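Visitor: First residue of the sequence shown? That's 100 in my numbering, and the numbers climb one at a time after it.
These are computed hints drawn from the structure, not numbers from a lab. This one's a predicted model, so the numbers in the text were calculated from it and none came from an experiment. Beta carbons are placed, not taken as given, at the ideal position from N, Cα and C, and that holds for glycine. One should not assume that every hint holds.
Said to hold, decoys possible - List time: in silico EDC-like cross-link candidates among lysine to aspartate or glutamate, alpha-carbon distance up to 16 Å:
id, residue 1, residue 2
1, K432, E146
2, K194, E344
3, K290, E342
4, K202, E425
5, K473, E213
6, K432, E143
7, K194, E342
8, K429, E146
9, K429, E143
Claimed, not checked - Using C-beta positions, here's what the derived DEER-type ranges look like:
id, residue 1, residue 2, range
10, N345, Q155, 50 to 56 Å
11, P469, F164, 52 to 58 Å
12, D474, I275, 21 to 27 Å
13, K473, K399, 28 to 34 Å
14, E342, L201, 26 to 32 Å
15, Y310, V243, 31 to 37 Å
16, V243, V436, 40 to 46 Å
17, N345, E425, 42 to 48 Å
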Amino acid sequence: MLREFFSSLPSKLFRVTSGGRVIREIDGLRFLAIFPVVIQHLSERLERNTGIVFQQGNEFDIATFITNRGFIGVYVFFIISGFILAKPFAAYRLKGGRKISLKSYYIRRLTRLEPPYIIVMILISIVLIVMGYYSLSEIYPHLVASVFYMHSIYYHSWSVINPPVWTLEIEVQFYIIAPFLALALFTIKHKGVRRFGLIGLILILLLLQDYFDLAHGYTVLTILAHIHYFIIGFLLVDIYLNEWENGISKKSYFNYLAILAFGGAMVLWSWDHYLINRIFFSFSLFILVYSVFRSTWVNKFFTLPWITAIGGMCYTIYLIHLPIIEFFIKYSKEIQVSEIFSINFIIQLLLLIPVLLTFSIVFYLLIEKPCMHKDWPKQLRAYVLAKVG
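With the hints as extra help, turn the sequences into a complete structure.
Guide: So this is what it looks like as structure tokens:
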């Protein structure tokens, strides 16, 4: 009975999409993106809050280096967004697909993403007030700025309510300009010229970011420092529509290329944001995503039902994982089985995963998934009117 429940659960968690078609590799990549983020935030909270004195040395340095690479996940999210948002506009320009109404596009973004976001931000604000961290007058301006995705721009810092949502503010900034960028870039009909232009644009953006020092200061919290990742998504969707849509030729050597690219990204990412590092880091992420599509057993792993189901819930997990980790670590921080950091961290992670997944599944099924239905506002209005009437 229990086995049947868990085997059937992923199908209940699959996302609802506008086109009705789910690209399993994309949901697998969403898993790849969310997992390093969760690992980094758990690692940081364990280091900050525990009273355990960990054994110092190579093991600690290597373990914390690996666990503090969550930003790789953030940038994979940006690439995925570039891919998903450009796809219908690129299909329209290149394949004669359905013309996308800009009004419908923006309303869809609003009704799909805003309700879960606002609910989470309000709930966290209430908890912070009740626990005495902030007064209503202190937190209210931050809540308003966050709800309108303006916190990073107005305060020049991430939200005190839910710090990870700084990346969602960047996503929204891109949502606004994505249709115009996609329609302009995919107007170029010649495949070679178009791809040369996309690669050139990525390099130009990296050079401009370096010249104007946009990867430092408050601008690092805005799209100005990250727009090239979204354009990498444009390049990948160009490849997908023209070479992969009717079948992808998979080769075993892409398995090893995916692993090498992920390892390269881990080594290359740095808060120093050196230009050469950022160029090769961006290239590594492109190769990583490309290889996930074209590999054999790596592709099979990232298209497993549970992997794609968790990836499909990434928005919910991203919204709620940090407050859950903060609450979780209060009670788990003194669990010690060794002075070795990696052993303690793995124990913490194994304890956290079922807790985080349980809360995520409940929130996803109750709040986020219903918002995936295009007509949910009309359905809700009809339901309320029927009850009132």
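Visitor: Look at each hint and say if it fits the structure.
Guide: Results of checking the hints against the structure:
Among the hinted pairs, K432 with E146 is consistent with the structure: their alpha-carbon atoms are about 9 Å apart, no more than 16 Å. Restraint check: the Cα-Cα separation between K194 and E344 comes to about 11 Å, which is no more than 16 Å; the hinted pair holds. Restraint check for K290 and E342: satisfied, since their Cα atoms lie roughly 11 Å apart, inside the 16 Å limit. Proposed proximity of K202 and E425 is contradicted: the alpha carbons are some 39 Å apart, above 16 Å.
With a CA separation close to 13 Å, the supplied pair K473 and E213 stays within the 16 Å bound. Only pairs whose Cα atoms come within 16 Å are accepted, and K432 paired with E143 is accepted, the gap being roughly 12 Å. Restraint check for K194 and E342: satisfied, since their Cα atoms lie roughly 12 Å apart, inside the 16 Å limit. This hinted pair checks out: K429 and E146 have alpha carbons roughly 12 Å apart, not beyond 16 Å.
A threshold of 16 Å between alpha carbons decides the hint, and for K429 with E143 the separation of about 13 Å falls inside it, so the pair holds. At roughly 55 Å, the beta carbons of N345 and Q155 sit within the given window of 50 to 56 Å. The supplied range of 52 to 58 Å is broken by P469 and F164, whose beta-carbon atoms lie about 40 Å from each other. Remark: the range hint 21 to 27 Å for D474 to I275 is upheld by a beta-carbon distance near 24 Å.
At about 32 Å, the CB distance of K473 to K399 agrees with the hint of 28 to 34 Å. Between E342 and L201 the Cβ separation comes to about 28 Å, which falls inside the hinted range of 26 to 32 Å. Between Y310 and V243 the beta carbons are some 34 Å apart, a value that agrees with the proposed interval 31 to 37 Å. For V243 and V436, the Cβ-Cβ distance of about 45 Å falls inside the hinted range of 40 to 46 Å, so the restraint holds.
Between N345 and E425 the C-beta distance comes to about 47 Å, which sits within the given range of 42 to 48 Å.
Hint compliance for this structure: hints 4 and 11 are broken, all remaining hints hold.
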